[in-house]
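Line by line, the protein sequences are chains A and B. When you line the first sequence up against my numbering, it's residues 1 to 245, in that order. When you line the second sequence up against my numbering, it's residues 1 to 140, in that order.
Worth double-checking, as some hints may not be accurate.
[Stated by the list, open to error] Selected chain B positions facing chain A (Cβ under 8 Å, derived; list incomplete): (1) A13; (2) E16; (3) I18; (4) H110; (5) A111; (6) L131; (7) W132.
[As the list claims (entries may be wrong)] Simulated pairs of lysine-lysine, DSBU-like, Cα-Cα distance not exceeding 30 Å: (8) K77(B) with K98(A); (9) K76(A) with K40(B); (10) K79(B) with K98(A); (11) K75(B) with K24(B); (12) K72(B) with K73(A); (13) K45(A) with K231(A); (14) K53(B) with K76(A).
Hints in this document: simulated from the structure, not taken from any laboratory. From the three backbone atoms N, C-alpha and C, an ideal C-beta is built for every residue, glycine too.
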Amino acid sequence: MHDPRISIIEERLRDINKVVVVASGKGGVGKSLIASMLALALSKKGFKTGLFDIDFTSPTTHIVLGVSNLQPKEDKGIIPPEIHGIKYMSLVFYIAEKAAPLRGSDLSNVLIELLAVTRWGKLDFLIIDMPPGISDLLLDVLKYVDEACFLVVTTPSKMAFETVRRLLTLLNDLEANVLGVIENMRIRESSYIEDEVKLLGKRFLGAIHFDEEIEDALGDVNTLLKTKFMKELEEIIEKNQGIFH
Amino acid sequence: MGLNLNFPMHEWALAEAIISAVSKIAEKENLREISEVDLKLGELQQIDVNILKFALSQMKEGKLSNAKFKIKTVKAKFKCRVCNHTWTLRDMKIAEETRELIHFVPEVAHAYARCPKCGSPDFDIIEGRNLWIASVKGVK
Chain A
1 MHDPRISIIE ERLRDINKVV VVASGKGGVG KSLIASMLAL ALSKKGFKTG
51 LFDIDFTSPT THIVLGVSNL QPKEDKGIIP PEIHGIKYMS LVFYIAEKAA
101 PLRGSDLSNV LIELLAVTRW GKLDFLIIDM PPGISDLLLD VLKYVDEACF
151 LVVTTPSKMA FETVRRLLTL LNDLEANVLG VIENMRIRES SYIEDEVKLL
201 GKRFLGAIHF DEEIEDALGD VNTLLKTKFM KELEEIIEKN QGIFH
Chain B
1 MGLNLNFPMH EWALAEAIIS AVSKIAEKEN LREISEVDLK LGELQQIDVN
51 ILKFALSQMK EGKLSNAKFK IKTVKAKFKC RVCNHTWTLR DMKIAEETRE
101 LIHFVPEVAH AYARCPKCGS PDFDIIEGRN LWIASVKGVK
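In isolation and in its complexed conformation, chain B is listed as follows (with noise of 0.2 Å):
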């Protein structure tokens, strides 16, 4: 699927957090160039991972202009506090609607998904919920 640039999207708005995040740690660190970024990337929000990468290469300048981006999607998995079943995303049912709800605030999941074993909404997200920086690698 090709990209269609004039459509707005939400991965640009974590694009833009991550360029901001990483500058702040290349500012700390005292990194003079950055030449790796390790992003995991929870499934849970769905980010369109080429948008995104496409959303960081027009936004790197600077310490950034020859970093690489390594994104690595983790599985959601959930578990239930009330019967202490786990499951992934893949054992949900959700309606593609509501996915794009959970891909702008993953927590709605909430509101729209039960455990499949005893039916609570009481179920916390122990993996995979958003994406985070693992790690950033570069030049001192």
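So here's chain A without its partners, still in its complex pose (with noise of 0.2 Å):
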């Protein structure tokens, strides 16, 4: 018995220059909104950029994005729509507004199928939306997507550095790529989590502070992008050149 569509998944990716996996193995610390305003600014620089929302069972990407009326289409496979310049992908395009309660081996194929059917062309970079937790989509990622570079989120919380260091000691492990650590919902200047990054043998990308302004501007695209939050993000992309070029 042979599962023909991991045969194709090399293919597939095999035009894009970098697979960006922002993770945390924590919910709630912005790995979303980070990925989509990544995308956004890759795309903004003029690198051609895809997103794909791998968060099956609570994908919010579109959210972000403000995407509507928008479908796949077909061509011997799937094309991912473009939006705002960016090449999109989620399952959102086949549930809509439905839960989608899935077990782990439901997450491991349909992350197989729209890996093996989609036609994301040529990309400098393709950025992937984990969900949280570190189990299979994670394993998922590390198995079938060979050049995965892993960019890891955490707030200045204990609670979550404390998952977050989980997933990094384990990435190391597996000797996997992790770009460094992003410090999302700064409120207070602290070096806690850049020390305890540091100690991991890790790169501290930088701090984004908490930004009140930004869950008015979600949807609007020209609004989030005069935010603090992107301004402080494209800083980090600045800072850290070699990563993200």
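Join the two chains into one complex using the hints; note that each chain is given alone, in its own frame.
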């Protein structure tokens, strides 16, 4: 018995220069926002960018980007639609607002199916928005996406970093490529996260302060691009050019 | 129904995956020619067999030039994890529009279907989900 879909995944990702997997392990730290804003920032800089939301049970990147009335096209597979210059793929195209209660093996099957049939074409960056958890989909990304580079997100909270530390340790043990860690929602100046990240031998990419205006800007890309959040993310990209360019 | 070859098809992506997988199997098994490929096609994904066969015939080359593709459809079966009830695709009332969504990603059945007995969305697709290669025959 052989699942033919797995054989074509490498081919589907062949023309993508860099796959950036935005992960945390912990939920609610801003992965989807950072993944979406990173895709917008890279696209704005002229890079061909894709965004793949693999938080299949709770997709939200479409809220950030204001995706509506879009559907993938069929052309010997699935062609992701473009929004704000970003090639975009999410299970939301197939479940709309319904809950999709999926167990682990189902989640793996969805990922394999979409990796096998989505034709991204030539991209400089494919940003993957991960679900929380150190479980099925993380293991599947490690298994099926050979060149995955992990961008790890945490908040300043020790509770969040407790899980992030586990994730970083696992990625380290597996010799995965970790681009570095972004501290999101910083509310007071502290070097706690930076120090902890450095103790683990990983790169601290920078901090993004809690931005009260972001909630009202969701779905409105022009406003999002002018937020303090975006400014600080762009500074992180500039400061770490070797990683994002 | 005749094939509209200009109409874009999901089946082509899967055919491409089959060709790629069989080529890799041939390489691994040191086969110089593939004679027969036995494919099982899960009913749930509702692949159009004629289009899949046509796509395969257009794509096969090299070691696969003379390969025959035998395709057998496997009935979809579901089992509820709550009440253990088992049922088939025929027992489910699924709108045409939803069938199309399931065609692309069979797992989205969990968003649209429920156990016909107890109403739970917590069920397993125990058979007939997607397609797989059951066997590859060839000459060494």
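Verification of the supplied hints:
1. A13: Result: holds, 3 Å to nearest chain A Cβ.
2. E16: Holds: closest Cβ of chain A sits about 6 Å from E16(B), inside 8 Å.
3. I18: 4 Å, holds
4. H110: 6 Å, holds
5. A111: 4 Å, holds
6. L131: This interface hint holds because 7 Å falls under the 8 Å limit.
7. W132: 5 Å, holds
8. K77(B) with K98(A): Since the Cα atoms of K77(B) and K98(A) sit roughly 23 Å apart, the hinted pair holds (cutoff 30 Å).
9. K76(A) with K40(B): 20 Å, holds
10. K79(B) with K98(A): With a Cα-Cα distance of about 21 Å, the restraint between K79(B) and K98(A) holds, given a limit of 30 Å.
11. K75(B) with K24(B): Given that 30 Å is the threshold and the Cα spacing comes to 28 Å, the pair holds.
12. K72(B) with K73(A): 28 Å, holds
13. K45(A) with K231(A): Given pair K45(A), K231(A) holds - Cα atoms ~13 Å apart, limit 30 Å.
14. K53(B) with K76(A): Judged against 30 Å, a Cα distance of about 14 Å means the pair holds.
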